[in-house]
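Input sequences plus hints: build the corresponding full structure.
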Amino acid sequence: MPFMFVAGECVSCHCLITFSPSHVPSIRVNGSREPLCVACFTRWNELHRVSKGLEPVEAHPLAWTAEEVA
1 MPFMFVAGEC
11 VSCHCLITFS
21 PSHVPSIRVN
31 GSREPLCVAC
41 FTRWNELHRV
51 SKGLEPVEAH
61 PLAWTAEEVA
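Letter 60 of the sequence shown, counting from 1, is numbered 60 in the numbering used here, and no numbers are missing.
Hint data in this document are derived by calculation from the structure and do not stem from the laboratory.
Please read all numbers here as calculations on a predicted model, not as lab measurements.
By construction, the Cβ of each residue, glycine as well, lies at the ideal position given by its N, Cα and C atoms.
FRET-style restraints, in silico, Cβ to Cβ:
hint	residue 1	residue 2	range
1	Pro2	Lys52	40 to 48 Å
2	Met1	Lys52	35 to 43 Å
3	Glu68	Ile27	21 to 29 Å
4	Pro2	Gly53	41 to 49 Å
5	Leu54	Pro2	35 to 43 Å
Here is the structure:
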């Protein structure tokens with residue numbers, strides 16, 4: 001079974017990350033979905049959810065791992 005992951009840059013902190021393109025949390029920038037690293041996703045949750053009394057959004061468990069492809 002082949003696996004795939006993408007290497008790219010976190011849209012917020014610009015660090016190099018590897019991720020599953022189907023599951024990684026992302027934000028829209030100029031209409032395009034851009035990936036977030038674990039630390040930036042955690043910070044986003046704190047700013048936009050927890051600080052407003054909302055439950056944090058859970059990242060997919062495979063968000064930053066290799067994805068099985070057919």
